[in-house]
Amino acid sequence: MAAGFKTAEPLEYHRSFLKENCRPDGRELSEFRTTTLNIGSISTADGSALVKVGNTTVICGIKAELTNPTVEAPGKGYIVPNVDLPPLCSSRFRPGPPSEQAQAASQFVADVIESSEVIQTEDLCIERGKLCWVLYCDLMCLDYDGNLLDACTIALLAALKNTKLPEVTISTETPEVNLAKTRGLHIHKHPVSASFCVFDDSILIVDPTAEEESLKTAQLTVVTDEEDRLCTVHKPGGTSLSGEKLQECISRATARQREIQKLIDKVTRSVKTAQ
Amino acid sequence: MQIFPPTPPLPVFPPCLSPGDKLCSVEDCIPGTGVYLRHGYIYSSLAGYVLRKNEGEELPVISVVRETETQLLPDVGAIVTCKVTSINPRFAKVHILYVGSTPLKDRFRGTIRKEDVRATEKDKVETYKSFRPGDIVLAKVISLGDVQSNYLLTTAENELGVVVAHSESGAQMVPISWCEMQCPRTHSKEFRKVARVQPEYLQA
Amino acid sequence: MPRNSGIILSSRCVSGGDIERRTSSHAAVWFITFPCAMPTDNKRVRGPEVSQSPSLFLCEPAGALPSHGPRADGRQRDQVDVRPVFVRCGLVSQAKGSAYIEAGNTKLMCCVYGPRETERKDETDMKCGRLTTDMRFAPFSCPERGSWIQGSQDKDLSLMLHESLQPAVCLHKYPRSQIEVNVMVLENSGSVLAHAVTCASLALADAGIEMYDLVLGCSIRQDGTSYVVDPTYTEENRCSSVSSENQGGLTVAFLPSLNQISGLQSDGEMAEETLTAGVRTCIEGCYKLYPVIQQALAKAVRKAAPPPSES
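Residue numbers (the UniProt record's numbering), protein chains in the order written: chain A, 1 to 275; chain B, 1 to 204; chain C, 1 to 311.
FYI, nobody ran anything at the bench for these hints, they're computed from the structure. Treat the numbers as computed from the prediction; the structure is a model and nothing was measured. Careful, some of the hints might be misleading.
[Stated by the list, open to error] Computed list of lysine-lysine pairs in DSBU-like fashion (alpha-carbon distance at most 30 Å, straight line):
1. K22/B <-> K303/C
2. K216/A <-> K127/C
3. K6/A <-> K22/B
4. K303/C <-> K140/B
5. K93/B <-> K127/C
6. K6/A <-> K140/B
7. K43/C <-> K22/B
8. K83/B <-> K173/C
9. K22/B <-> K93/B
10. K288/C <-> K105/B
11. K129/B <-> K140/B
[To be verified] If you want the footprint, here are the derived chain A segments under chain C, 3+ residues with CB under 8 Å:
12. 48–61
13. 79–87
14. 164–177
Built from N, CA and C at the ideal position, the CB exists for glycine as well.
The task is simple: from the sequences and hints, build the whole structure.
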C-alpha cells in the first residue's frame, strides 16, 4: 500500500522515486509544474493577477493610493509588497500576525523589486516633493503546495503589468483624479524566479511541492531578468552547493524566465483583445 | 419558523445527494451511515451516493456514502497505526496516522501508558525497551481520554506492537522474537514490544 | 541604503522610495528608542504612514442612485432578482473541503479543515465537536483599501457566520475535535455575508462533514417602499431616497430542506411587516440558489468517485 509507506516513511518514499530520476507526482527532476495565469480578475484592485503553479495558488492585488514623498527622496514613490499566508491556504498556518515564513517572503519580494528595478519608483512621482503614488501589492496565498516564492514573483509581475493608474492633475492645492483617463505602468525589467531544493545533500530538484520542501536539506531561489542578468540569489542556509550545481540552477532559471515572460505576454494580449 | 410547507419527498433518488435531502420513511428502510432521522423520515447528512443493502433482514439498510476516504475519527476499540514521537518512563507519546486502513488527514495524538504495553508482567515493563521514537506501532484505542489527556491506546495483545523500526545504524530491523528485533546490517539486537503481524495488516 | 539620524526616522520611518528593511538590526534598535505615534508593525513591509485613496479626489463625484426604475446592473427592483452565481467545489488541494462562489463581482472562497484535535480543551468538547469560523477580507477586496489586520467588522461577520452554520452541522459526530471554516473575500461587491454562508456550507459538504442540511444565504436592502435583492456594494452603501423610514439591510441564513432559519441579521430601521416581508423575500432568494448549489455539489461528488455499484 503506497499511501501507508508515504505517511509512515516520507523520506524513504521520496528516495525510492528519486533513485529512478523521477518524483512522486510523475515529474522529472528539472520539470516545473503546469503554470497558469489569470490577469485582471479583481475589479476592485487597480491591477491583479492569479497564478497557479501546480496546486500552489497566489493572488496579487495592487491598490494605488496617494501620499507625500519623503523629504530624503522627493522624486520617488513607494512600492509596498506584502505576502500573506492565511490559515485558509494550508493547515500548517495559524491565524494571527504574519508568520516567519510570510515575513521572509515579503522581504524577498521587496528585495526582488528593488534589485531588479522592475519599476522605477521615480515613475510613481506625480509632483516632486508633494505628491506621489504608493502601490500596495498584496500577495495572498490561496493554496499552499510549495514553491511560494516563484508563484509570488510571477503574480507580482503580472499584476504590475495589469495595473492602471488614473490621471492626476494638480490644480491650485488639491489634486484632481480623472478615472476616465488611465495609464499603465512602465515595466523596465521582467524578473522571474526559479526555486530549487537540494535533497539528501546532493540531488537537485526544481519547483518543490510542500512535501518535498519539508524534506529538503537546502533551498535555493534564483531570480533573473530578460537580459539574463541575476537579480537575486536567495539561499537561506542548508547544505552547501557546488559552483557547478549553482551554474546549472542559473541556466535553468534563465530558461524559466523566457517561458514565464512568454506566458505573461500571451495572457496580457488575450485580455486586451477580450476587452 | 415554518414559512413554506416542506417540499414533498422525491419519488426517485437523484444519483447524487446533498445534506438535507429526504430519503424515505423509517418504515421502508433501516438508517445506516451518512443519514439521520427526523420526524420518522430518513434524511441524508452527507453529499454522496445512496446505497441500499439487503442484509437478510426485512428492511434494506439505507446509507449515503462518499467513495473518497470517509471521515473517520479514532473510536474505542479501533485498531490504529501510529508513529512514536517521544517516550518517558511512564508512557510513550504517539501520533495516530491511520484508523484501520483509512489515513487521517490531520494528526491526532495518543498515549500508550506503561501498564498498557503488554498483557503480562505489567510491572516489569520498561517503555525504553518497548518503543523508540520513530517506530511504527499498531495499537488499539481503549479510551478517548479525559479533558487533559489524549487518546489512550494499548498494545497489550500479541497482534499489537511495533511493526516497523529502525536500528541505530538506520537500517530497518527484522523481528526475531516477541521482544527483540535485529538490525540486518550490524546484527545488533534491540528490544521492542514486537507485534505478531497478521497477514491482513502485512501490506499496511 | 543610506541611514539617516534617528530623529528624522522617528518622524518618518521610511526613507523615500525605499522600503523599510526589517532585517536591518539598526532599524530595529531605532524603533525601540524612537517609537512612532502609531504602534509599528514590524512584521510587514510598510509604506508611508498615511496615504489616501484616489477616489477621494475625483473631479466628478459619483451621483446618487436612482430610487426607481431598473438597477445599475439591469436587474429589477422589488423582485427576487438575484445575481446568477458561479460555484465550484474542491479547488484547494490542501483543504479537506473547499468552495468558491462568484455572484456578479462578489468573489469569495471558503476552505474547511478538520476534524482535527482541538487546541483548547474544555468540558463541553468531550461529547461534542467545535466549529470555528474565520472570515477575512483581502486588502484589495473593497473599493477602499482594507487593513492587513482583521478589523471588528471581520470579527462580527465571522461570528454571524458561525451562528448561521452551527445549527446545520452534526457536531455530536465529532467528539474531541474541531472543524475550521475559513472564508476569504477576494472581491466585495455586496451581500458578502449571505454568499459566505452559502459558500461555507458548500465547503463543509464538500469536506464530507455530516450536516442536517445545507445553509443558504440571501440578503435584501430595503429602501423606503422599494427593495433590492442581493444588493451590490454601491446599493448597500449609498442611500438614495430622502425619507428615513424603512431604510435597512437584512441577511437571512436558511436551511432549505428543513425549512428553518439559522441566522438572521438586520440593520437600519424597518417596520415589523416590512421585516417579515423581507424575510420571505430572502427565503425565496435562497430557493432560487438551491438547485445551483446542489448541482455543484453533485458535480464534486461525481468528480471524486464514480457511483458505487449497486449490491
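Each hint tested on the structure:
no. : hint              : result
1   : K22/B <-> K303/C  : 23 Å, holds
2   : K216/A <-> K127/C : 41 Å, violated
3   : K6/A <-> K22/B    : 40 Å, violated
4   : K303/C <-> K140/B : 34 Å, violated
5   : K93/B <-> K127/C  : 23 Å, holds
6   : K6/A <-> K140/B   : 22 Å, holds
7   : K43/C <-> K22/B   : 51 Å, violated
8   : K83/B <-> K173/C  : 26 Å, holds
9   : K22/B <-> K93/B   : 44 Å, violated
10  : K288/C <-> K105/B : 35 Å, violated
11  : K129/B <-> K140/B : 20 Å, holds
12  : 48–61             : holds (count 5)
13  : 79–87             : holds (count 7)
14  : 164–177           : holds (count 6)
Hints 2, 3, 4, 7, 9 and 10 from the list above are not met by this structure, while the remaining hints are.
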